[in-house]
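Colleague: In case you want the letters, here they are:
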Amino acid sequence: MTLRTLVIAGFCAVVGLVWIIESGAADVFLEATRPDFQKIPLAIAGIENLGGTESPEGRVKLGSRIEEVLKTDVRRSLVFALVDVNGLGIKSGQLGAEPDPSFKHAVENGVSVVVWGRAGIKSGNKDSDVNMDGYVYDAGNNEVVGGKRYVGSTSVVRLMAHRFADELVFRYTGEPGIARTKIAYVSELGSARELFVMDYDGYDPRQLTADGFLNLMPRWSPDRRFLVFTTYRNRNTQDIDLLELATGKRWTIVSQGGLNITPALSPDGNFLAYSSSSEGNAELYRMDTHTKAVQRLTTNSGGDLSPSWAPSGRELAFTSDRNGGPQVFLISADGSNVRRLTFEGDYNAAPAWSPRGNWIAYVCRTSRKEYKLCLITPDGQKRVQLTTGPGVDDSPSWSPDGRHIVFSSTADGKSHIYMINTDGKDLERITFTGTHNSAPAWSPAS
Amino acid sequence: MKTLATIPLPVILGLFLLMSPACTKKAVQSGGDARALQEDMARGGATKGGASSSFPDTSLSGKDDANGLRGIDRNPLEERLGGGGHNGTGTVSPGNTLTAKPDHGAAARQLAEIRAEQAASAAAGLRDVFFTYDSFSITDEGRHALTGDAEWIKSNPQAQLKIEGHCDERGTSAYNLVLGEKRAKAVRNYLVELGVVSQHLSVVSYGKERPFCMEHGEHCYSLNRRGHLAVKVGK
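Chains A and B, in that order, give the protein sequences. Numbered per this note's numbering, the first sequence spans residues 1 to 446. Numbered per this note's numbering, the second sequence spans residues 1 to 235.
Chain A on its own, in the form it takes in the complex (with noise of 0.2 Å):
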C-alpha cells in the first residue's frame, strides 16, 4: 500500500458528516494560497494517557481526548496530511523524548513529521492540573526538533490541542494556524435572535447577548476584541454596536433612524463599512473611525448593502439592486469606480472577500431557485459554484489563512452552521445545537 492511499483511507474515515458534495464542484482545483502546495505528511504517534478524565463522570481520557482534537486540527489546516500510524507500523504510546526506531520505516514510507506526546493529570497533584508535553521529530534534520509543555485546567485540554495544532503550522508554513480562531454568530433563543461565539470548531459556544430581540450579523474588528453588529433599539430602530468580547461592554456607534446594516470595519480598523438607509433607500456610508467622520458612498435609487473590504482596504465589494434583482459590485473605498462584477444568475448577494485577496465568495441563486455559495475572481473572470443541494446557503465568510469558508445553511431542516474548503471538500456541519444559528463570521487569526 502507497502512503497516498494511506493518506486517503484517512481522510475518508473523517469526512463526509453531512452530504456529499457532487463530483462537479469538487473536480473545481481552488487552492486558495499556493497552487503547487504540497500537503506535509505528518503522523500522529500518539498522545499517551498519564491519569485522568476530562470530567469527574467523564470516559474520555485527557490524552485521548487531546489526540483527537490535534487530530481534527491537523487535518483542517490543510498544511499537514495525515498519516495513519497503524499502516505505517509506527510504534505509538510508551515514547519517550527520543525518536523511536520505528519512525525510520515509517520515514522510508514519506512521512516527514511524526508528533507524540503524553498528557494527563499526574497522580498526587492536589491542584489537578494537566500536563501535556508534546515531541516533534523531522525526518529531514533525523532529529526531535523540540516540543511543547503545557499546564492548565481540564477547562482548557481542547485549548492545548488547538495551540499545539497552531505552532506546528507556524513552524512549517511561518502562518500562526487557525485552530484557536473563534468564530460568531447568531442562535435563537425563544423567539430573540443573540449573539453567540464559539470555538473554530463548534465548541464551547458562548452567549454574549440576551437583549429579547434581535441582534444581526456579526464582523469582527481586525484585533479580535470587539463585534460590530446590528441591534434593534425598542424593537423599532437599528443602531449599529460594538462589543468588547472581554467585558461585555457595549457601545452605540450608527443611530440614525431607518436600516443601519451590514457593518464591517477596515482591515486596519480605521473605517466601519455599513448600509444606512437613513438618507432614504439603503446606501453605503464609511465612517472614519478616528475622527468618527462619515462619508456617503453610494448614491443612487437601488438599495446598496453588505461590504465586504478587500484585504488590501482600497476597495469594497457589496451588494446592489440598482440595476433590479440584488448583484455583487465593486467599488473604491473613496466611493469612486463602481463596477458590477456578477452577471450569471438574477440574485447575487452577500459578497465576503477572501483574506488572500484573489477570490470573492456570494450567495448565488442557481436556475433551479437555490440560494448556494459561489466564488468568483476579482476581475470576473473565473467563478464556481461551491455548494449545492438542498437548502439555502448564506453569510459566507473565511478563515484567516483563506482555506476555509464557514456559513450557515437549512441543508439539515434548521438553519445550522457549515464549513467547507474552498476546493468545496470537506463539508462539515459545526452546530448541533440550538434552532436557528445563522450569520457565521469567523475572527481574524490571532
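If you're looking for bench data, these hints aren't it; they were derived computationally from the structure. Hints are not guaranteed to be accurate.
[Claimed, not checked] Reference listing, derived: stretches of chain A covered by chain B, where coverage requires no fewer than 3 residues with Cβ under 8 Å from a Cβ of chain B:
hint: 1; segment: 159-168
hint: 2; segment: 211-221
hint: 3; segment: 234-241
hint: 4; segment: 419-428
On a predicted model such as this, the values are computed, not experimentally measured, just so you know. We put the CB at the ideal spot given by N, CA and C, even for glycine.
For chain A, the structure is supplied; the task is to place chain B on it using the hints.
Modeller: Just chain B now, kept in the frame of chain A:
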C-alpha cells in the same frame, strides 16, 4: 513587518516587561483578547466606555503583531494556559475573555412589551398585507386590506402604527432586510395615499428574522412575506 519606529514606546516597554522571564512558568492566554488587554495596560489604562460619539479604538495601528505562539523549542518552557498561574503577568482565563453577562431581565421586559403590542394590534383588528416572491408591490387584496386599516387609523388618531416588513426564509438575511424595508415603505406609502397622516406611521424591517410561520414550504413562505401593522405600545 512592523518596524520598531512605528510602535509606540509604551507598548514596547510594556511588552518588554511582560516578556521578561520572571520565573520559568510562563503564562499564556487563550488568544488575542487577553493579549489586547495586556496591550491596553501597556498603553496605560483600559479603554473608556461612552456614548455614540466615542467608542474604543478599533484600529490595528501601533499594536503588536505577534500571534501568541512561542515556537517549537528544544527546551520548551512550561506554558500555563487559561490563567491560574503564579506569576503576575495579567493572565486571563478563557472564561474571563468572554464575560458578557446576559441580562435576562431585559429579555423578559422585551417579551412583555411584545405581548402588549400584539394584544393591542389584535384588538384593533388591523389586517396585514401579503406579497409575492421577490416582490414589494401591493396586491389588489393588499389594497383592500389597507383601505380598512386606513379607516381605523383615521378614527383612532391617538394611535401610533408600526409597519413591519417581513420576508420568507429564502434569500440572504442581509438582502431580506432591504426587501422588508421596501415592503414596509410600500404599505406606508399606500396608507398615506389613502389619507393617513404619515406622522402616525413608522416603518421597520425585520427581514426574515421574525417569521410568523416556521415550516419550510410555500404555505409558510406566503404567510411570511408580509407587511404587518402593529399598534405601538409605550415608547
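Colleague: It remains to establish, for every hint, whether it holds in the given structure.
Modeller: How the hints compare with the structure:
| no. | hint | in the structure |
| --- | --- | --- |
| 1 | 159-168 | holds (count 6) |
| 2 | 211-221 | holds (count 7) |
| 3 | 234-241 | holds (count 5) |
| 4 | 419-428 | violated (count 0) |
Checked against the numbered hints above, the structure violates only hint 4.
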